[in-house]
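Colleague: Following the hints, put chains B, C and D in place on chain A, whose structure we already have.
Given next are the chains, with one letter for each unit.
4 protein chains.
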Amino acid sequence: MLAALKEKVLAANLELKNRNLIIYTWGNVSGIDREKGLVVIKPSGVPYEDLRVEHMVVVDLYGKVVEGNLKPSSDTPTHLYLYQNFPEIGGVVHTHSPWATAWAQAQKGIPCLGTTHADYFYGEVPCTRPLMPAEIKDEYELNTGKVIVERFAGLNYLDFPGVLVANHGPFTWGKDPAAAVHNSVVLEEIAKIAFLTKALDGNALAISQELLDKHYRRKHGAGAYYGQAIT
Amino acid sequence: MLAALKEKVLAANLELKNRNLIIYTWGNVSGIDREKGLVVIKPSGVPYEDLRVEHMVVVDLYGKVVEGNLKPSSDTPTHLYLYQNFPEIGGVVHTHSPWATAWAQAQKGIPCLGTTHADYFYGEVPCTRPLMPAEIKDEYELNTGKVIVERFAGLNYLDFPGVLVANHGPFTWGKDPAAAVHNSVVLEEIAKIAFLTKALDGNALAISQELLDKHYRRKHGAGAYYGQAIT
Amino acid sequence: MLAALKEKVLAANLELKNRNLIIYTWGNVSGIDREKGLVVIKPSGVPYEDLRVEHMVVVDLYGKVVEGNLKPSSDTPTHLYLYQNFPEIGGVVHTHSPWATAWAQAQKGIPCLGTTHADYFYGEVPCTRPLMPAEIKDEYELNTGKVIVERFAGLNYLDFPGVLVANHGPFTWGKDPAAAVHNSVVLEEIAKIAFLTKALDGNALAISQELLDKHYRRKHGAGAYYGQAIT
Amino acid sequence: MLAALKEKVLAANLELKNRNLIIYTWGNVSGIDREKGLVVIKPSGVPYEDLRVEHMVVVDLYGKVVEGNLKPSSDTPTHLYLYQNFPEIGGVVHTHSPWATAWAQAQKGIPCLGTTHADYFYGEVPCTRPLMPAEIKDEYELNTGKVIVERFAGLNYLDFPGVLVANHGPFTWGKDPAAAVHNSVVLEEIAKIAFLTKALDGNALAISQELLDKHYRRKHGAGAYYGQAIT
Chain A
1 MLAALKEKVL
11 AANLELKNRN
21 LIIYTWGNVS
31 GIDREKGLVV
41 IKPSGVPYED
51 LRVEHMVVVD
61 LYGKVVEGNL
71 KPSSDTPTHL
81 YLYQNFPEIG
91 GVVHTHSPWA
101 TAWAQAQKGI
111 PCLGTTHADY
121 FYGEVPCTRP
131 LMPAEIKDEY
141 ELNTGKVIVE
151 RFAGLNYLDF
161 PGVLVANHGP
171 FTWGKDPAAA
181 VHNSVVLEEI
191 AKIAFLTKAL
201 DGNALAISQE
211 LLDKHYRRKH
221 GAGAYYGQAI
231 T
Chain B
1 MLAALKEKVL
11 AANLELKNRN
21 LIIYTWGNVS
31 GIDREKGLVV
41 IKPSGVPYED
51 LRVEHMVVVD
61 LYGKVVEGNL
71 KPSSDTPTHL
81 YLYQNFPEIG
91 GVVHTHSPWA
101 TAWAQAQKGI
111 PCLGTTHADY
121 FYGEVPCTRP
131 LMPAEIKDEY
141 ELNTGKVIVE
151 RFAGLNYLDF
161 PGVLVANHGP
171 FTWGKDPAAA
181 VHNSVVLEEI
191 AKIAFLTKAL
201 DGNALAISQE
211 LLDKHYRRKH
221 GAGAYYGQAI
231 T
Chain C
1 MLAALKEKVL
11 AANLELKNRN
21 LIIYTWGNVS
31 GIDREKGLVV
41 IKPSGVPYED
51 LRVEHMVVVD
61 LYGKVVEGNL
71 KPSSDTPTHL
81 YLYQNFPEIG
91 GVVHTHSPWA
101 TAWAQAQKGI
111 PCLGTTHADY
121 FYGEVPCTRP
131 LMPAEIKDEY
141 ELNTGKVIVE
151 RFAGLNYLDF
161 PGVLVANHGP
171 FTWGKDPAAA
181 VHNSVVLEEI
191 AKIAFLTKAL
201 DGNALAISQE
211 LLDKHYRRKH
221 GAGAYYGQAI
231 T
Chain D
1 MLAALKEKVL
11 AANLELKNRN
21 LIIYTWGNVS
31 GIDREKGLVV
41 IKPSGVPYED
51 LRVEHMVVVD
61 LYGKVVEGNL
71 KPSSDTPTHL
81 YLYQNFPEIG
91 GVVHTHSPWA
101 TAWAQAQKGI
111 PCLGTTHADY
121 FYGEVPCTRP
131 LMPAEIKDEY
141 ELNTGKVIVE
151 RFAGLNYLDF
161 PGVLVANHGP
171 FTWGKDPAAA
181 VHNSVVLEEI
191 AKIAFLTKAL
201 DGNALAISQE
211 LLDKHYRRKH
221 GAGAYYGQAI
231 T
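Chains as they are written, first to last, in the UniProt record's numbering: chain A, 1 to 231; chain B, 1 to 231; chain C, 1 to 231; chain D, 1 to 231.
Honestly, the hints are just simulated from the structure, not real lab data.
Computed from a prediction, not measured in an experiment: that's the story for all the values here.
Keep in mind that a hint or two might mislead.
What the hints assert, rightly or not - Pair by pair, the computed Cβ-Cβ distance ranges are: (1) D:P47 to A:A206: 37 to 47 Å; (2) A:R217 to C:G63: 14 to 24 Å; (3) C:G154 to B:N203: 38 to 48 Å; (4) C:A206 to A:P133: 50 to 60 Å.
Unchecked claim - Stretch-level coverage of chain D by chain C, calculated; a stretch enters the list once three of its residues show a Cβ under 8 Å from a Cβ in chain C: (5) 89-102; (6) 133-145.
Unchecked claim - Calculated from the model, a selection of chain D residues having no Cβ within reach of chain C, i.e. all distances over 12 Å: (7) M1; (8) N85; (9) I110; (10) V149; (11) L158; (12) S208.
For glycine and all other residues, C-beta sits at the position ideal for the given N, C-alpha and C.
Bound-form chain A, shown alone (with noise of 0.2 Å):
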């Protein structure tokens, strides 16, 4: 049942390890198939080097496990909301990287201050605001997704691949599960080079509207004009 995807997402959450993105089992990449409407997800509290294609787990829209011996990873919830909630993304990943999580932790969005930044995210990284308590208390995974979504009021999410959840750590999401890790390698990325700008210039300055535009237009939408061909 859905091989094809169980060894993208395997394939996925490995990758988060070879980039260091993780130690022990900080972490966890799903994958969707829409036509059917299951989500492949990594098992809870696995380790990376245990990982085997038959460990995916496969559960519903609904969070049903529907195929799997072992409980899906303890952020499932988030992950499915996020699912039913940007109908065009593919994979989602979560990790505790520390670039971006000490940014989620000052719980500030990590202003775009070069074109590395523009090149994947079209201005800000947002991050959301604290959960209540009683957002904490009950179904505390699916309020993650629920503050994850209600950030994204007016925010188009496949122009911002990712966000920081305040006092906890980076999501990321993309077409695929390997896309979705892509993007939490470039967000750690520019977490860590916004982090030493403000560093050297506590004042340092969005750039402007123009560059912005330039740099994210040039590799997203109809104008790109980065990369090959697709053929």
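Modeller: Then chains B, C and D, alone, in the frame of chain A:
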């Protein structure tokens, strides 16, 4: 004698090196056999690349060498005092890992600024007071254990699997040597993320009690739902 | 066509990756054959692990593709403008290496705070002005080259083998592609050391003219006595 | 001639690279045969990956090349001056390792903020004064040695196995080339931890004399009890 424990202690020492927490001989791991009341510990000043299982030193809880041709770690009295006072721990680790050591040198506990931290420590990572001149002069390593235990007055050592010794560095513990090393790795990572957070916002506050409870209890205790059920 | 130069450009691109200056496709290296007036450059957006010598693109100094099935790097017009205006350079590199990019994002040149820097740059690493909106909108990559050359009014590009483009990142050059990569690695390292120095003392001053002269002239020009005589 | 010493000097140079203290040719190690009054040193500007034992250069204490086809390191006069004035050292190392170099560029000694430091240096790592213009102009490398020795007036060079040269970088020494490299690695690590400590608390103070004595004397001198007895 204690062959299995020696293997575990050796493996845990080597894991410290593999995780890049130490250079040269800057760390030590021990493990205890509670039934026999014997502790296995790394010998003093032997390079990690040369460590063999037969180098492991067996001492009793009073520090008497029961087996082994080498001198035990100079920090042995600290380890023994922790085993005596924290009856449910099975392994102890000491390192000079740089981010945690920086907090220790600044004589600051590490505030709980996010969920990464709350997954492992039920609040601020405590920092001891500096030792008094008389405590340094005689029985220094024993007194290092004493200021740690003193610092845990009113704290449950199972909820805080590590400590910073002021002007010195971190000690961690766990149910066995491997778990103690795991906690050293985690402590170094949360020390780094907390440092970066404070650099972004010197006024960043500890997370709410609700979020602390949620994350800590998600992984620890009767209501834990993270990871796979132990069968 | 230009088989030897293609090999050099490929090797220099791969060296960027080996030196950990780039992730994914975030950099590009070119080299020029001055006699033929042709430039070999990395194709746009091709992952480094897939790069083969036959992917290298040959363009003339006006940007016309002379050989190759792939699109050249989107930064090609910047490279070409540098070759046109800096007649003694043989290779150009662009990266988003994090420490150098942070200085670029802060719109600050890197002051010459020590001999490490003075061994390679005869003073502050210059930073360009930001591009104007009109310069961004049309012929952005060409205009990136123009602000670099504008910044070098009164500076000898041979004595400063690199520059920071404001809000963007570093470009470096050298007598051939390998030398340009060497200068990228050096620039990243001196950017890091200068960052750390400024964090220790925000008022740290540039070294004296005498020390700058001594170190730069020890390695460059007629009186150089560093290294082995070229035979 | 001096075959064993050449092997040691080569190995120590390669160890600098393995420990990631240097890039390219940014460092040098030498060793002395006190009986013969001859020094073996790395040749100037030869990449580490190409270094062979036959490249090692033998010089006398006046800098005359006694054996070898290559020019010795340009820093040779500094090494020789140290051997002349510090009669019990057997090896000297110079690097531009980034954390130590940052302290040197800031013209600050590294305060002894913790036991990691006190295990190796009996107090603050000293920093020289900057060289005067006349000292830079003529016999620069010799004068570099002179300001180091000047800085050690009243200090025992055996208790402080390294120094920061203002605006330049660290030199370390030891009983042989390997020990000098060991001290370079340690110096870089304590420079990093001290930097992080000062960033957490700009007013962090040096440790007490008692703690300094305890740790330094635990590893050095007649009362040392760290490590295994030498047999």
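Colleague: Evaluate each hint against the coordinates.
Modeller: Now for the hints, and whether the structure bears them out:
Here the CB-CB span from P47 of chain D to A206 of chain A is close to 42 Å, well matched to the stated 37 to 47 Å. A C-beta distance of roughly 20 Å is found between R217 of chain A and G63 of chain C, which places it inside the suggested range of 14 to 24 Å. The given range of 38 to 48 Å is respected by G154 of chain C and N203 of chain B, whose C-beta atoms sit roughly 45 Å from each other. The hinted range of 50 to 60 Å is satisfied by A206 of chain C and P133 of chain A, whose Cβ atoms lie roughly 53 Å apart.
Look at the region 89-102 of chain D against chain C: 5 of its residues bring a Cβ nearer than 8 Å to a Cβ of that chain, three or more, so the hint holds. Figure legend: the region 133-145 of chain D, annotated as covered by chain C; annotation consistent (4 residues with Cβ-Cβ distances under 8 Å, at least 3 required). Distance check for M1 of chain D against chain C: the nearest CB is about 21 Å away, which clears 12 Å, and the non-interface claim stands. Non-interface status of N85 of chain D relative to chain C is upheld: no Cβ of that chain comes within 12 Å, the nearest being about 22 Å off.
The claim that I110 of chain D lies off the interface is violated: its Cβ sits roughly 10 Å from the closest Cβ of chain C, which falls inside the 12 Å cut-off. Distance to chain C confirms V149 of chain D as a non-interface residue, since its nearest Cβ pair spans about 19 Å, more than 12 Å. The claim that L158 of chain D lies off the interface holds: its Cβ sits roughly 27 Å from the closest Cβ of chain C, which is beyond the 12 Å cut-off. Annotated as non-interface, S208 of chain D keeps its C-beta farther than 12 Å from every C-beta of chain C; the closest such distance is 24 Å.
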